[in-house]
Amino acid sequence: MAACVWSVRSVRVLSEIIHGHVLPAAAAVRHQAGTSRSLHGARAPAVSARHLKQLGVTSLRSLSQVSLSEEPDALYQKLSVRVKGHDRSVLDSFEFFASLAARELGLSLERAFEPRKHTEKLTLLKSVHIFKKHRVQYETRTHHRTIEISRVTGSSARVYLEYIQRNLPEGVAMEVTKTSVEEIPEHIQKPLWDEGKLEPCGQ
Amino acid sequence: MAASVTRPALSSLCKINSNINGIYSLTSFSRRISISSVLSTSAVTTETEAAGRGVRGQRRSKRQAGEPRTERMTVDQDWTAVYPTAASFKPSAVPLPVRMGYPVKRGVPPAKKGNLELIKIPNFLHLTPVAIKKHCEALKQFCTEWPSALDSDEKCVKHFPIQVQSKEFVSAGLSLRNPDVRIVTLKVKLSSLNLDDHARKKMIKLSEERYCKDTDTLTITTDSCPLRQQNYDYAMYLLTVLYHESWKTEAWEQEKTRADMEEYEWEDSPSQKKVLDTLLRMRALGAKDEVEEGTREELLGQPAVQEYRDTMLRLKNEGETEENLQQYKEAVKKLFNI
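Heads up: the sequence lines are chains Y and L, in that order.
No gaps in the numbering here: position 135 of the first sequence is 134 in numbering that gives the first Met the number 0, and each next residue is one more.
No gaps in the numbering here: position 104 of the second sequence is 103 in numbering that gives the first Met the number 0, and each next residue is one more.
Please keep in mind that the hints were generated in silico from the structure rather than gathered at the bench.
Some but not every residue of chain Y turned toward chain L, in silico, with C-beta under 7 Å:
| id | residue |
| --- | --- |
| 1 | Val65 |
| 2 | Thr178 |
| 3 | Leu191 |
Cβ-to-Cβ under 8 Å is the rule here; a few derived chain Y residues that face chain L:
| id | residue |
| --- | --- |
| 4 | Gly105 |
| 5 | Arg150 |
| 6 | Gln164 |
| 7 | Glu174 |
| 8 | Lys189 |
Even glycine gets a Cβ: it sits at the ideal position worked out from N, Cα and C.
Next up, chain Y with everything else stripped away, as it sits in the complex (with noise of 0.2 Å):
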């Protein structure tokens, strides 16, 4: 048991070896406590196309800074994004787009399938004034997407589900559920009360 609770910091130093971005000295400095566990370092708190666009034209190297903070990494069984629009083609291109950019990421697709559409009816009167016999009907359609990915760390999901976003185009809604896995905590893994002596009883 010992040998498998990961402390998942330890790994993800080692993996940024293993992806061969030796940091440089500076870099590697740890942010103190306080700050958040996000992996992105102080210049790049979004990642905007356009500032994307510089990446792709310049080399890597003006983003060198990623910085290591001291909290645990996240650890997420599942990530489910499911998105929500009106026209099933856009939906289909934002499904090859998103499944494209977790397999470059090195994500595990699980599955990608199309829920049901919604579609919500309404009947109203043809006419402003009277003429009860004459309808008029209207509906809104709404088609779904969703894509599975899973066992994904916290810092991996929080780039992937900010690329996502940001990309995400007009007239279309995204629901993400989160199912992240932990240990249990300290407090919980023996009772307080000795078999000796017992709490009084609640009054």
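Assemble chain L onto chain Y, guided by the hints.
Just chain L now, with coordinates in the frame of chain Y:
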């Protein structure tokens, strides 16, 4: 092109006109006003009309649009430079012969030039596979790797038994906030907690509906606090309280009756008494009438009685199925030597 040839002549005329107007504007302004006051309104309007025509005449010589950019595009160009960010469809910048819209009778969908349908629909021209790969290359350094030892769901749950679910929403509307974001659901299997028999039963009794017997999962959903972090802390607090309270044994727990028991227990049950009674009567036909503790234990220790006990427990706890009833029948037959 023919139009552009004739235009310059007219435009030059109009320009001369306006220049003359400009030169004399300051000096003759007052004179014009005095004239206009004498003359009727129609004269004023004709002057303004002339002035208007002059301005419109200037506007008529519009600069012609050059050839579209698509003519000069090469096949191996960098498309990410043409559409680096999300932008509306520009027919002169997209070298594809796209047609969109409902066709007229015996016609084809309209072409891309001036096509509103193409502009309305969101396009993904800025997210071609090449662009996505470039973006992901740049983003990869912020990602961390999943620990390789936890490659299946079972292992995840084994080492990290508590599952916390929460939602996030992205939508456009009058407000960016969604109140459902604050809801936190905490799921944990009781088998992974350090509980003894009494504590487990008490915990199940305390959690009532939140416990599912089939999956042995305790689900705590909190939404009473306004922030997600607060709800998470509250859920952990509830779990802690449940855990520690279930280890306590209160004085009034001694008064637990048979009706409060979660499972059927055969010891001290009417069924056990009846069996004992029956066996003693069967025995007592030929032997003495004494009931000793020794004989009682002896009787209960018989394999037939044990089998009867097992079948009774199975019937009561698991419900009545064909198999269970058959086993009960066999046990009863063995007990009475039928």
